[in-house]
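Q: Spelled out from the first residue to the last, the chains are:
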Amino acid sequence: MKMSGSRILVEELIRQGVEVIFGYPGGAVLNIYDELYLASGRIRHVLAAHEQGAAHAADGYARASGKTGVVLATSGPGATNLVTGIANAYLDSVPMVAVTGNVAVENLGKDSFQEVDIVGITQPIVKHNFMVRDVRDLQRTIIEAFEIANTGRKGPVLIDIPKNVQIEECEYVENLRVPSVMKKQETSLNGLSQYLDMVKRAKRPFIYAGGGVLASGAEREVLELARRINAPIGLSMMGLTSVPASDPLNVGMCGMHGKYASIKTQSECDFLLAVGVRFSDRATGDLEEYTKKCMTVHIDIDRAEIGKNVNPDISMWGDVKKILAELLKVTPECPHPEWLSQVEEYKRAAVLPPAKEFGPQTIIEEVHRHTDVDTVVATDVGQHQMWTMQYFSFEKPKRLLTSGGLGTMGYGLGAAIGGCIANGRKRTILITGDGSFGMNLNEMATAVSQELPLTIILMNNDVLGMVRQWQTIFYDCHYSGTVLDRATDFPALAGAFGARGFAAYTMEDLRNALDAADQAQGPVLIDCHIDMDEKVLPMIPPGRSAKDMIVKD
Amino acid sequence: MVERFAVGLILNNRFGVLDRIAGLYAKRCYNIDAISAGVTENPAYTRMTVVSTGDEYMKDQVIRQLEKLIDVRSVTLLDPDSTAFAQHMFIKMHLTGNQRGSSKHQVLELINEYGGKIVDFGEEYLTAEITGSMEKVDSFIEKVRDFGILELSRSGDIAIGLGIENTLRVEKNNEE
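These protein sequences, in sequence, are chains A and B.
The opening position of the first sequence corresponds to residue 1 in this note's numbering, with each subsequent residue numbered one higher.
The opening position of the second sequence corresponds to residue 554 in this note's numbering, with each subsequent residue numbered one higher.
Bear in mind the hints are in silico, worked out from the structure with no lab data behind them.
Predicted model only: the values in this text are computed from it and were never measured.
Misleading hints may appear alongside valid ones.
Reference listing, derived: stretches of chain B covered by chain A, where coverage requires no fewer than 3 residues with Cβ under 8 angstroms from a Cβ of chain A [unchecked claim]:
(1) 569-575
(2) 609-616
(3) 620-627
(4) 679-690
Don't be surprised by glycine CBs; every beta carbon is placed ideally from N, CA and C.
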């Protein structure tokens, strides 16, 4: 059947299983929006307030559902506004397809109105991108884009479609199958016998699990292996939800602002099994110290990650779930009662100052009490994000949406919108700060128009807390550019957007507001006033190791 | 240990593919000493040779990162012992003054010695074409420097494996 390029796009998106797309219209995508109008019963479009918010929503949708998130934007500024959202998905290996319109092929390269070379601009931050110059290539390109985005190490793919390609017609092939464009995923188990030697000899084993565990669905295998060899599991931020927080072997997040028990056990282990991680500098600190005392095994789907930051003694590459299944076939039971009791001791160690009655820890714990295991929690970037990692107990995979690699302030609200839609529009939590929230708060309009039940916990300390913390510790308290001096009335702002807002100064205020939020239909913002000198602790200074851990203010 | 090494690539012959390769080197902070590209016997593929300088770590990373690009069909580290390399140069030399006669004579001898060709000449200049290893091309330049070089244009290395084996093959994708 002959169809226009726009119609082919919409039909193929539907065939790829896309139910929702996030976007913002404009001149170069009018034809696509016309087809979306006609197909509105079969695919839903969510209008954002800004393309960046739409990109973060597609990202949040993808993280919460495991499906490929889709975002649509017009040419020029519409396309450039996607850039941060695409980079964010790239750094965290999130499957995303971004579709942009462009000027007609005959006008390309002439600095036409709203023309940018978005393929060139996004090249370093996509897994792959396409410019479709001929409508006959369009259907195949869309199929390839979805394959690339959600196979192997996942990531964002951009398709740029000039306006004439959207209008021109060609044959749409029902159930078109195209040859795979991905190289064969190799699996290497070369180190298996050495692995067995190491695991048998190890006295203090430690498993470091990351986002790759979630991406390959290997949560069960990791836990089973940890139980088999009696190893505590420390988690990267991207892998935080891969093991239930309540499991006794889970010691929490590793790295700069990790849990005390996690940092201590990692630093004392003699056998480090790293699964689906890329050894980010925020997770390792001083690389020399990091693996000085242990034998290291690195398992990852991306062979380029092996040896990139940490040189392991043994490496295996391929799908993490498959490799762990192979390891489970041969790994013997290895009891380590002494090591595990040491781990328990670290977990109990009361090294942190007691929590304030109304402070980060008690706020997050109270929010946690108002959720269930299926609740999706999004965060922005900064102190509130680290507090969430430390104090919110995640029991199920993919319930946390947070910007890891790129550290994108302003990610949270868009992500919460996408995550809420992916999770059947159930009440979704956003934990944010006054700095981050200020960056993309325009998406409140989207949350209201979509009637999304978001509970926004705004940790309001009138400063850019994480930067301030660094200034306090490393820059002689020179609070340069971090004192906000704003007079924003956040509950009133929420009201102005058509949402509800509450201020909280005490635990009782917070509880009442949370109760009200549970009963509300749409978004509710709770402005929690906390002290500007609250710190995220423990902290390992950048480039240092566990022995330099700061635990007290 | 830092050394020069060459990577041979077979790429999908698509718009912007050179940009993807050069961009990857740039963003990962790997330098490119020389690059050359051209379509292969099969017009669907482009063959590229990239010469860089780096240590073992960089060599390994370059190859692993290149392998991930969708338009890269194969990546091969070209072993200098089993690969023929060549560069191509045009060089325009100025022949002036009283010594014109003798310098012309010397230059012609050099071109002959280097197996080069004369592509153009006039009263006061001579343009030669020299082909060979980077070292050979470098040494020709050094020898004619004193005569006066008006301009030169040289390519990066192109490379091909020695023996009957095909060193760079198109790798099949998942389902092919």
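Q: Check each numbered hint from earlier against the structure, then list the numbers of those it violates in ascending order.
A: 4
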